Amino acid sequence: MTVGEREAILALLNSPHVTAPTRRALLERLDARYARQFFDEAEFGRLRALSVRLVPHDPAEMDLAGTVDHRLHSGVGDGWRYADAPPDGEAYRALLAALPEGFEALGGEAQDAAIPSIQSSHPYAFEDLLAELTEAFMAHPLTQYRFGYAGFADAPEWPRVGPNELEPREVAYGPR
Amino acid sequence: MAPANALPTDLDVLVIGTGAGGAPLLARLAGAGLKVAALEAGVRHPPEGIATDEVAQAGIFWLDERLSAGNDPVSFGRNNSGRGVGGSTLHYTAYTPRAQPDDLKLKTEFGVGEDWPLEFAELEPYYDELEYFLGVSGPAEYPWGPPRQRAYRHPPLPLNGAARLMQKACAEIGMKTSPAANAALSRPQEQPGYGTRHTCTNRGFCQAGCSVGAKASMDVTFLALAEFHGARIVDGAQVTALTVKGGRVTGAEFMRGDEVEHLSAKTVILAAGAVETPRLLLMNGLANSSGQVGRNFMAHVGVQVWGQVEDDLRPYKGIPGGLISEDTHRVPGLVGGYLLQSLGVMPVTYATQYARGTLKWGPELVRHLSGYNHVAGINVLGECLPYEHNYLELSDELDARGLPKPRVHFSFGENEKRMTAHAEALMRDLWGRIGARDVWALPRAAHTLGTARMGRDPETSVVNPVGRSHDIENLWICDNSTYPSSLSVNPALTQMALSLRTADALLDGLKQA
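From first to last, the protein sequence lines stand for chains A and B.
Taken in order, the first sequence gives residues 0 to 175; the numbers are from numbering that gives the first Met the number 0.
Taken in order, the second sequence gives residues 0 to 512; the numbers are from numbering that gives the first Met the number 0.
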């Protein structure tokens, strides 16, 4: 995250365009880092490497693997799971164990080449993990800034909703 | 004097659940002078505390784990189950089309499915009453269904990008469209028992909860009215058992925090939805002489088609379902039919649906998601027939309270598969006409329906046509579990109509007693 990106994100989040509960949630997420608690060190190393290939990101900027570990440790779920799949943590462990030995040390292309086989051997765990990482990625203020998403800045209102009818705060938000 | 937080005693009626099934009747019964209370598993979510952020709003969804089985496992949680004072209306998109008369007569028309044990004429006055009370915004002339007795209270909400694209594409092929009826305010409204509800700010986050009270969720409408009339709402209270004595229900046991408590009442109304209602009945072995509890689970055909356009659409703005067409209410070759609606979408919902629906990963995934501001969606909501193979049962797996998790079996039948294919082809054609790129389809099912159906025959149904259980005289059910067929429209408005109707039936019964 460059200094400029951070300043732009904070400027909008701290503006009157954002409601207090929204600001609180996004500021907390912007810098969230989690200590590993659920997976062991080797599993977590694999999870982090796999996460970067599935949803390309810089782990120093957003802790997607940590978000997953934290969620599993806290025991919070999303309301359902496939009846044929074991509980999430168990399913993810089996998925990670199915990766080839030394996966985290492989080059990016070799890592990508290993992914289709775990997808076919553990389809539910693969889908659930992909969706969970995608959620953490899309919910992150840095991603939202880079994609020009300003939907959280709705405290006044959006008086015009047609195509290309943008408010100044929408036009201004995101990479130039 | 008893402390303010003491539980009420000598209740006439105890209602379990505060959504579209429980809330309207709670207000009606309280208004008629009955001593009533409701138990709600979730807590209060005042509008001003609602963030414009999907992850932060996880608390308005039912996140206790359910097990999804069958060929087309249904996703729960954010897909279709609310938690909190107001139930699933906290996250419904406020889409409020009426059922059409023939929706209630599927068996008569097609020889399959089920007829409802009531006529459209019985629902119509309730529809009129509800659209006014909730403050539905809609067109002056609605093109489908019988002419209405009472106009929509407010003019339609503005059409967002996806709605205008759908309007254009449908016009090209001669399909009629109309601004949809939405229970979100296009003008401010005074709400009895609540105060002023503000005009919709076009914030688009209806599914994450409304932050200004514009959306007619039950908390700012019927529940406020119910409390004004003296009803008690006990929140954070998860019901764990119904208590029974001498063939009558005597009340419910529930957990608040770690405490197990009990409320007694002369009459109990289960309004916990099509998963929790049958789960409670099965756990307690109640109201199931027909063997129908948990059977005939239904979820609407809900295939969505998405694409991206050059225009900057900002799909987070405006009411998500702004435009409707019911021209596909009947389609040759299909049993029942479907409606089309334009779709705005929140970013995290879109992203996770894309990931699950396409299983794309790596740079391709991120490239697609970076085009979020250009996304336009369209979807259908269509008939799902009741089937033997779709049912809810108790699993051996226990939840944190030691109660069995529900397992829901769901597989589309032939009709649902044909409907999905028909609708997907139509929507791909429409999105082709607006020049959308990266078009993809998400096969999907929405809403939870069935599992405690209503009917006249105690051998084949769980409750009678007004919602009283055939087996237990003082146990009523009022939620989407009683739907004998799914209807080809969103269930909330009809559910509220059934709720008022059940209240009136109960009050009539008391008058005669």
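Think of the hints as simulated: they come from the structure by calculation, not from any bench.
What you are looking at is a predicted structure, and each value in this text was computed from that prediction instead of being measured.
Keep in mind that the hints are not guaranteed to be accurate.
No farther apart than 25 Å at their CA atoms in a straight line, the calculated lysine to any residue pairs in the SDA-like style are these [stated by the list, open to error]:
#1 B:K359 x A:T1
#2 B:K359 x A:V170
#3 B:K510 x B:E458
#4 B:K359 x A:I8
#5 B:K416 x A:D57
#6 B:K106 x B:P331
#7 B:K359 x A:G88
#8 B:K244 x B:G48
Status of the hints after comparison with the structure:
1. B:K359 x A:T1: Answer violated: K359 (chain B) to T1 (chain A) is near 28 Å, above 25 Å.
2. B:K359 x A:V170: Distance ~29 Å between K359 (chain B) and V170 (chain A) Cα, so the pair is violated.
3. B:K510 x B:E458: Violated, at roughly 29 Å.
4. B:K359 x A:I8: Roughly 28 Å between the alpha carbons, so the hint for K359 (chain B) and I8 (chain A) is violated.
5. B:K416 x A:D57: Violated, because 42 Å separates the two Cα atoms, which is more than 25 Å.
6. B:K106 x B:P331: holds (16 Å)
7. B:K359 x A:G88: holds (22 Å)
8. B:K244 x B:G48: violated (42 Å)
Checked against the numbered hints given earlier, this structure breaks hints 1, 2, 3, 4, 5, 8; the rest are met.
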